[in-house]
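The chain contents come next:
2 protein chains.
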Amino acid sequence: MANNVYDVAYNLETAVKESDEFKNLQTLYKEVFADETTKNMFENFRNIQLELQQKQMSGQEITQEEVEQAQKTVAVVQQNEAIAKLMEAEQRMSMMVSELNKIIMKPLEELYSDVDSAN
Amino acid sequence: MANNVYDVAYNLETAVKESDEFKNLQTLYKEVFADETTKNMFENFRNIQLELQQKQMSGQEITQEEVEQAQKTVAVVQQNEAIAKLMEAEQRMSMMVSELNKIIMKPLEELYSDVDSAN
Ligand SMILES: [Ca+2]
Ligand SMILES: [Ca+2]
Chain A
1 MANNVYDVAY NLETAVKESD EFKNLQTLYK EVFADETTKN MFENFRNIQL
51 ELQQKQMSGQ EITQEEVEQA QKTVAVVQQN EAIAKLMEAE QRMSMMVSEL
101 NKIIMKPLEE LYSDVDSAN
Chain B
1 MANNVYDVAY NLETAVKESD EFKNLQTLYK EVFADETTKN MFENFRNIQL
51 ELQQKQMSGQ EITQEEVEQA QKTVAVVQQN EAIAKLMEAE QRMSMMVSEL
101 NKIIMKPLEE LYSDVDSAN
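Protein sequence lines, in the order shown, are assigned to chains A and B. Using this note's numbering, the letters of the first sequence correspond one by one to residues 1 to 119. Using this note's numbering, the letters of the second sequence correspond one by one to residues 1 to 119.
There are no misleading hints in this set.
Copies of the same chain are indistinguishable here, so a pair counts whether it falls within one copy or spans any two.
The list that follows gives simulated cross-link-like pairs (lysine to aspartate or glutamate, DMTMM-like), each with its CA atoms no further than 20 Å apart:
hint, residue 1, residue 2
1, Lys23, Glu110
2, Lys102, Glu13
3, Lys102, Glu90
4, Lys55, Glu66
5, Lys17, Glu90
6, Lys30, Glu90
7, Lys39, Asp114
8, Lys30, Glu43
Hints listed in this document are in silico derivations from the structure and should not be mistaken for laboratory results. Just so we're clear, the structure is a prediction, and the values are computed from it rather than from any experiment.
Build the full structure now, drawing on both the sequences and the hints.
Given below as structure tokens:
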């Protein structure tokens, strides 16, 4: 019997919530946001990152100066241990999420390539 | 006990494969690709669509002429019943996928908003 996709998706939501990756991220977020200075440092860094991403996505040119400025900010911010750990945890979480997506999207990918190679 | 996220993701992969949405899409793809003329019509349409998407994502301007050309192609292509049905099935599938993603990403969204509103 096929399980309903949404029921299984809710199971996956629960599994994500109970994963070490998520719990670790949660703990580190709380740590960073508990201290006003660390929080501001992190949010400042996050804003610079988002700005560059939006520029890139909209096809705007990113100047050499902006790249250097962003690199300096990363270097400074990573000297804060709580933030460095949080950034690592975010990377691990985002790797997990992209692997989960790859697994779930496999039927569709196979469908496209099967149909195409049969013709 | 927490389930391993990857085990649950594989369950979701199976559930997607066994869903009516997926099976319907599979049947309609085979139908469209079984006929050379219909297949070419569909692939031509798909290529125009992808080209416009890539232009948009890279921040290039899309001309009025290109929009009109794309609209004409959609109108022509949708007169083919097999293709029209396939396009509908793709839309239903993509709605399902985006709902699944929303469910799975909920813990992360809640994490960000909880941490932020607490400060
Ligand atoms: Ca082919
Ligand atoms: Ca806040």
